[in-house]
Each structure stands twice: as C-alpha cells, then as structure tokens.
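Residues per chain, in single letters:
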Amino acid sequence: MAEAYDTLIIGAGMSGLAAGIRLAYYDQSVAIVEKHKTIGGLNSFYRAGGRDYDVGLHAVTNFTPKGAKKGPLSRLLRQLRFQWEDFALAQQQQSRIAFPGVHLAFSNDIRLLESEIARCFPHQIDAFSNLRSQVLDYDDLDQASFEISTRKVLGQIFSEPMLIEMLLCPLMWYGNARVHDMDWGQFCIMFRSIFLEGFARPLRGVRLILKHLVKKFRSLGGQLLLRHGVEKIVSENGRAVGVILEDGREIQAKRILSSAGWVETQRMLGNQDEVVGDEAGQLTFIETITTLNCQPSQLGLNDTIVFYNDSDRFHWQPPQHELCDLRTGVVCSPNNYLYDDAQQLPEGVVRITSIANFEKWNGLNEADYRREKLLWYDRSSDSAVRFVPEFRHHAIDTDMFTPKTIKRFTWHDNGAVYGAPQKRLDGRTQLENVFVCGTDQGFVGIVGAIISGISIANQYCLK
Amino acid sequence: MAPEEIREVIIEILGDIAPDEDLGTLDDAIAFREQLELDSMDFLDIVMELRKRYRVQIPEDEYVQLASMNSTVSYLTPKMATIAK
Ligand SMILES: Cc1cc2nc3c(=O)[nH]c(=O)nc-3n(C[C@H](O)[C@H](O)[C@H](O)COP(=O)(O)OP(=O)(O)OC[C@H]3O[C@@H](n4cnc5c(N)ncnc54)[C@H](O)[C@@H]3O)c2cc1C
Numbered sequence: 001m002a003e004a005y006d007t008l009i010i011g012a013g014m015s016g017l018a019a020g021i022r023l024a025y026y027d028q029s030v031a032i033v034e035k036h037k038t039i040g041g042l043n044s045f046y047r048a049g050g051r052d053y054d055v056g057l058h059a060v061t062n063f064t065p066k067g068a069k070k071g072p073l074s075r076l077l078r079q080l081r082f083q084w085e086d087f088a089l090a091q092q093q094q095s096r097i098a099f100p101g102v103h104l105a106f107s108n109d110i111r112l113l114e115s116e117i118a119r120c121f122p123h124q125i126d127a128f129s130n131l132r133s134q135v136l137d138y139d140d141l142d143q144a145s146f147e148i149s150t151r152k153v154l155g156q157i158f159s160e161p162m163l164i165e166m167l168l169c170p171l172m173w174y175g176n177a178r179v180h181d182m183d184w185g186q187f188c189i190m191f192r193s194i195f196l197e198g199f200a201r202p203l204r205g206v207r208l209i210l211k212h213l214v215k216k217f218r219s220l221g222g223q224l225l226l227r228h229g230v231e232k233i234v235s236e237n238g239r240a241v242g243v244i245l246e247d248g249r250e251i252q253a254k255r256i257l258s259s260a261g262w263v264e265t266q267r268m269l270g271n272q273d274e275v276v277g278d279e280a281g282q283l284t285f286i287e288t289i290t291t292l293n294c295q296p297s298q299l300g301l302n303d304t305i306v307f308y309n310d311s312d313r314f315h316w317q318p319p320q321h322e323l324c325d326l327r328t329g330v331v332c333s334p335n336n337y338l339y340d341d342a343q344q345l346p347e348g349v350v351r352i353t354s355i356a357n358f359e360k361w362n363g364l365n366e367a368d369y370r371r372e373k374l375l376w377y378d379r380s381s382d383s384a385v386r387f388v389p390e391f392r393h394h395a396i397d398t399d400m401f402t403p404k405t406i407k408r409f410t411w412h413d414n415g416a417v418y419g420a421p422q423k424r425l426d427g428r429t430q431l432e433n434v435f436v437c438g439t440d441q442g443f444v445g446i447v448g449a450i451i452s453g454i455s456i457a458n459q460y461c462l463k
Numbered sequence: 001m002a003p004e005e006i007r008e009v010i011i012e013i014l015g016d017i018a019p020d021e022d023l024g025t026l027d028d029a030i031a032f033r034e035q036l037e038l039d040s041m042d043f044l045d046i047v048m049e050l051r052k053r054y055r056v057q058i059p060e061d062e063y064v065q066l067a068s069m070n071s072t073v074s075y076l077t078p079k080m081a082t083i084a085k
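Same order as they appear, the protein sequences are chains U and C. This note's numbering applies: residue 1 is where the first sequence begins, and numbers increase by one. This note's numbering applies: residue 1 is where the second sequence begins, and numbers increase by one.
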C-alpha cells in the first residue's frame with residue numbers, strides 16, 4: 001500500500017484547493033479527492049448548447065485595488081503567492097437595492113451608498129455611520145458574539161424599519177445560511193465584503209480563478225484525484241487513519257480536511273443524522289441564465305447587480321408550499337463590469353436568482369421537473385422585470401438550474417448554497433485530526449471559502 | 001550564517017510574503033507589526049519559510065521571538081550558526 005499522505009483534503013472547491021496550495025507549498029504530501037468529474041464545487045463551470053457557463057459567479061466580493069495591504073483579498077493573494085493581476089478583477093459599474101418606491105444605488109465606493117441613504121432616509125444617516133463603526137470594530141470570531149441577532153442590533157440602531165430590510169437584503173442574499181435573521185458576525189463580514197470593499201469579476205469568469213488555483217496546486221506537487229468520492233473516514237483509537245472511497249479503495253492519511261459540509265462529514269464519520277442533531281442549511285435557489293443578442297446596456301440595464309424585494313418587508317426563508325418564492329430575487333449582468341480596455345463578453349447575459357424549496361424540486365418526476373422549470377423560468381423573469389427592463393424578446397438561449405442540480409453536483413444536503421446555519425468556527429470535529437473547512441466552517445462565497453481553506457490549513461496542518 | 005546574512009534572509013522572506021511592502025525603510029528595533037501590514041498568517045509564513053528553506057524548527061511558543069528584526073536575528077543566530085547561506 002502507498003504511503004500515507006500528510007493531509008488528505010475532501011473536495012476540490014475553493015476552500016479545498018486553497019488549503020491544498022498552502023500545504024503543498026510547505027512540502028507536505030497532499031491529495032485532494034473530489035467526487036465530481038471536475039473542480040469548483042459550488043462555484044464551478046460547465047458547457048451546454050455550445051456555450052460556456054459559470055455555475056455561480058455573480059461577483060467576486062471583497063474587491064480591493066492593487067497595492068491594498070489589508071482585507072481578505074490581499075491576504076489570500078499573499079498567502080497563496082499570487083499576483084494581484086492573476087485574478088484580472090474588473091470592478092462593478094453600479095448595483096442597486098430595489099424596494100417598492102425606494103431604490104438605493106451602491107458601488108465599490110461607500111460614499112455612494114451613504115449619499116443614497118441621506119437622500120432616501122435623511123434622518124438615518126447618523127445611525128448608518130454608527131452601524132459602520134460597529135461593523136469595523138467587530139473583530140471577534142468567538143462563537144458566542146458571532147451568533148448575536150443582527151435584527152436585534154439593527155433594531156437598536158435604526159428607527160426606519162424599511163432601511164433595515166434594505167440593508168439586510170443584499171447581505172443575506174450573498175451569504176446568510178440562517179432563515180429570517182442573520183448572525184452578527186456574518187453580517188459584519190458581509191457588510192465589509194460588499195459595501196466597504198466591493199464587487200468585481202474576471203472577464204473569463206470563475207474558470208480563470210479555478211485555473212490559477214489548480215495550476216498552482218499541481219505545480220507544487222499536489223495530487224488532484226477527480227471522480228474519487230469519499231464514502232467513509234476510517235478511524236482507530238480516536239484518530240482518523242484514512243478514507244474508504246465509494247469504489248472500495250482505501251487512501252491513508254495522517255490528517256483529513258473536509259470541505260464537504262458538516263453534516264455530510266459527520267455521515268462519513270459514521271454518525272447517523274439523529275446523532276448529529278444539527279440541521280443542514282435550508283436556503284437554496286433556482287437560477288435562470290438568459291443569453292441575449294445584444295448587450296444588456298442596450299436595453300437600459302446598466303446595473304451590475306440588482307437585489308429586489310416587492311414589499312417593505314424582506315422575507316429570507318424557503319417557501320413552504322411552492323417551488324419558489326418570487327417576492328425577492330437577484331438580477332446579475334456579468335456584462336456590466338468595467339473590463340480593461342473596454343473588452344466585453346461577446347454576448348449579453350442576464351442571470352436571475354430566486355429562493356427555492358429543495359424538497360419540492362427534488363420530489364418532482366422527470367416530466368414534471370422539466371415542465372416546472374419552464375414555468376418558473378417565466379415566473380421568475382416576470383417577477384424580475386418589475387425592477388429591471390424587459391429583456392426576453394432579445395433572448396437567444398436560456399439555461400436554468402435548480403436546488404436539485406446543486407445537490408446533484410456538489411452533494412450538499414438540500415442543495416444548500418451557504419451551508420448549515422450553525423457555523424463551526426474552530427473547524428474541529430470529534431476526531432483530533434479531522435477538520436472542516438469552507439462553507440460550514442464559517443466563511444462563504446469565493447473569497448470567504450478560500451480564506452477558510454487557508455486558515456484551517458494554517459491552524460491545524462502547518463503549525 | 002552570520003547575523004548580517006540572517007538579516008538578509010529575513011528581508012528576502014518578507015519580500016516574498018508581502019511584495020507590496022517597502023522594506024528599505026525598516027527600523028530593526030521596532031516591531032514588524034508596527035511598520036508593516038503583517039497579520040498572524042504572515043507571521044506563520046516567516047516561520048514556515050525558515051523551515052522550508054533552512055530546516056530551522058521554531059516551536060509555536062517561541063514565535064514571539066520574531067517580533068522585530070533585532071529580536072529575530074538574535075534569536076536565530078545560534079540556531080542558524082552552522083547553516084550555509
Ligand atoms: C448558484 C450560486 C451562486 C453563487 N454566487 C456566488 C457569487 O457570485 N460570489 C461568491 O463569492 N460566491 C458565490 N456563491 C458561493 C460560493 O460558490 C461558495 O460559497 C463557495 O464556492 C464554497 O466553496 P467551498 O469550498 O466551501 O465548498 P464547495 O464548493 O461545495 O466544495 C466542496 C467540494 O466537495 C466535494 N464533495 C462533496 N462530497 C464529497 C465526497 N463524499 N467525496 C469527495 N468530494 C466530495 C464537492 O463535489 C465539492 O466540489 C454561489 C454559489 C451558488 C451555488
């Protein structure tokens with residue numbers, strides 16, 4: 001039998017690849033085992049009908065300009081030994097939070113959002129500064145202060161309930177695993193990453209980022225094993241000694257880092273769901289992707305991302321009885337970034353995301369599944385064009401994925417996009433040499449997952 | 001390695017882990033943390049780079065010795081005396 005790896009990483013998503021780079025760079029023997037036939041996990045890519053698609057990428061959050069020394073982006077570039085130019089990030093044009101009768105524009109310059117709040121909620125501008133300094137002061141990753149109720153904190157700061165809902169809308173959409181309320185720690189992280197730092201995107205999308213990650217990992221001697229699903233983690237006397245793959249083969253390792261999710265990892269450790277006790281995340285989405293025969297700007301759609309909600313109250317929860325809840329949604333146009341040298345995507349793209357119910361989608365038979373997809377494509381577009389210009393008469397192609405698709409390709413329970421509501425900030429499990437990283441450890445999104453992989457690798461596999 | 005060579009090694013390492021920092025103006029008596037934007041992840045990298053490049057082992061409870069250039073060099077001098085640059 002081959003020698004044991006120093007570290008075996010489960011999952012070749014953002015967090016697994018980042019952890020792998022760190023460990024391989026410091027001369028560990030590392031293998032990443034990935035169940036899917038390709039890398040990327042929740043933020044992968046695919047080809048359909050002759051077109052390239054990104055699974056998730058609306059925006060890379062946490063944008064900071066070249067030369068910035070602070071913030072998660074510069075930290076991850078330093079830690080992974082990348083140049084700022086490698087990710088070729090182009091900044092957003094402008095985004096918008098759209099509620100009935102009130103629109104707040106924002107960009108990568110916080111002063112725009114401030115002036116918008118001063119315009120729409122003139123009595124709340126001091127409260128907003130107060131919030132901003134509280135967010136900046138937050139620096140505590142202990143579980144107790146992380147889990148304070150954000151709605152409670154905001155209720156004490158603001159007297160305009162609608163402004164609270166408007167601020168929560170984009171931050172929950174891009175990173176809240178909890179239903180209705182949000183952990184204060186998560187809110188602070190998302191506030192910084194979206195309002196104080198900002199949105200950017202490489203022209204070539206998530207492929208470029210993944211290409212750099214995997215190239216670096218391999219060039220450092222890391223092994224990437226695709227189509228290697230882990231069935232079970234094998235332990236002896238409280239320590240993991242390796243894994244058994246779905247095809248029965250065994251791989252030995254001195255340490256295991258899993259990015260498959262908390263509940264999913266517990267199952268590999270042989271714990272049935274009743275024992276685990278924790279629930280998997282519930283929040284999952286459908287997304288429609290429409291290719292246009294023109295640029296979105298020619299239709300008057302100039303925003304990079306629009307977060308809309310059709311009443312004064314923002315409802316962040318999966319629908320109980322229907323397949324989707326269309327009261328709120330996100331419209332993203334990857335064309336609307338300020339790409340270098342006026343480069344542009346060859347075709348216009350409009351992506352619309354809506355909240356969905358995993359069980360309902362998963363329970364449909366094949367024929368109904370196809371029919372419901374068509375139906376909800378129309379409905380979610382109808383819902384979105386209340387807040388953005390009509391675009392469908394320029395459509396030349398459409399694609400769509402559902403919670404079932406997300407589950408099928410990432411194996412996350414419920415197709416949950418932001419993982420379990422309860423995060424495991426310390427990354428530990430009941431075995432002393434098995435750790436979790438990625439979405440369920442606490443940091444979500446592309447940048448968040450990469451930071452999670454780096455910090456868990458640093459903390460437990462390098463020191 | 002002599003202390004002066006150890007200093008060069010540290011400058012090289014800092015240049016790799018924080019390429020945007022101006023190291024020409026570094027004051028050896030003052031903590032790195034007060035002059036450079038280094039966080040705990042970067043400090044770990046100084047330790048790891050020393051291990052990777054010169055096989056120098058630094059136990060975790062001695063990381064504090066790497067606070068400034070002066071303290072780093074005097075801490076490393078006995079450890080690296082027999083290592084060639
Ligand atoms: C539709 C959508 C849109 C998104 N949009 C954005 C966005 O615009 N900006 C942003 O920053 N983030 C976005 N995200 C979120 C972001 O993609 C994720 O937070 C991030 O990619 C999570 O990375 P991860 O490494 O934690 O998990 P994952 O990517 O899920 O990695 C886990 C990996 O483990 C593998 N795995 C699971 N089980 C096993 C097993 N038994 N054996 C081996 N391997 C296994 C999976 O296949 C997967 O590759 C989006 C996500 C989705 C789904």
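Think of the hints as simulated: they come from the structure by calculation, not from any bench. Treat the hints loosely; a few may be bogus.
Unchecked claim - Only pairs whose alpha carbons sit at most 25 Å apart, straight line, appear in this in silico DSS-like list of lysine-lysine:
no.: 1; chain 1: U; residue 1: 215; chain 2: C; residue 2: 52
no.: 2; chain 1: U; residue 1: 254; chain 2: U; residue 2: 66
no.: 3; chain 1: U; residue 1: 152; chain 2: U; residue 2: 37
no.: 4; chain 1: U; residue 1: 463; chain 2: C; residue 2: 79
no.: 5; chain 1: U; residue 1: 407; chain 2: U; residue 2: 37
no.: 6; chain 1: C; residue 1: 52; chain 2: U; residue 2: 254
no.: 7; chain 1: U; residue 1: 152; chain 2: U; residue 2: 35
no.: 8; chain 1: C; residue 1: 52; chain 2: U; residue 2: 216
no.: 9; chain 1: U; residue 1: 70; chain 2: U; residue 2: 463
no.: 10; chain 1: U; residue 1: 69; chain 2: U; residue 2: 216
no.: 11; chain 1: C; residue 1: 52; chain 2: U; residue 2: 407
no.: 12; chain 1: U; residue 1: 216; chain 2: U; residue 2: 37
no.: 13; chain 1: U; residue 1: 70; chain 2: U; residue 2: 254
no.: 14; chain 1: U; residue 1: 404; chain 2: U; residue 2: 37
no.: 15; chain 1: U; residue 1: 215; chain 2: U; residue 2: 35
* If you check each hint against the structure, which ones fail? -> 2, 3, 7, 11, 13
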